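**Student:** Sequence:
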Amino acid sequence: MNKTELIDHIATTADISKAAAARALDAMIDGVTTTLAKNDSVTLVGFGTFMVSERAARTGRNPRTKEEITIDAAKVPKFKAGKALKDAVN
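Counting in my numbering, the sequence shown runs from 677 upward without gaps.
Everything labelled a hint here was simulated from the structure, so no lab data went into it. Where hints are given, some of them may not hold.
Stated by the list, open to error - Cross-link-like lysine-lysine pairs, in silico, DSSO-like; alpha carbons within 27 Å at most:
| no. | residue 1 | residue 2 |
| --- | --- | --- |
| 1 | Lys-679 | Lys-759 |
| 2 | Lys-714 | Lys-751 |
| 3 | Lys-751 | Lys-679 |
| 4 | Lys-762 | Lys-679 |
| 5 | Lys-762 | Lys-751 |
| 6 | Lys-679 | Lys-694 |
| 7 | Lys-756 | Lys-714 |
| 8 | Lys-714 | Lys-742 |
| 9 | Lys-759 | Lys-714 |
| 10 | Lys-756 | Lys-679 |
| 11 | Lys-679 | Lys-754 |
| 12 | Lys-714 | Lys-679 |
What the hints assert, rightly or not - Here are the computed distance ranges between Cβ atoms for each label pair:
| no. | residue 1 | residue 2 | range |
| --- | --- | --- | --- |
| 13 | Glu-744 | Met-677 | 38 to 44 Å |
| 14 | Ala-749 | Glu-681 | 34 to 40 Å |
| 15 | Leu-682 | Ala-760 | 14 to 20 Å |
Keep in mind that this is a model prediction, so the values were computed, not measured. We put the beta carbon where it would ideally sit given N, CA and C, even for glycine.
With the sequences and hints as input, model every part of the structure.
**Tutor:** This is the structure:
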């Protein structure tokens, strides 16, 4: 499912216009992004938790030249599925 299909699904399920569904989805994505940028987490009970994780610096290898390179430390977004989501998938 892509973003357009998700907007269509939200509009149909919530009985709202596609424009309103698009604004709601964009607001939700913006809220999660803003919160993660502040190094905080977003928990949707039953669905899951969006969080920021720290990835340590490490040594990698350039596949073209086989030369060792240093990969800098980074903050990466992660998602941990909640129980209800896990149960729905299984």
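**Student:** Going through the numbered hints above, which ones does this structure break? Give me the numbers in ascending order.
**Tutor:** As far as the earlier hints go, only 8 is violated by this structure.
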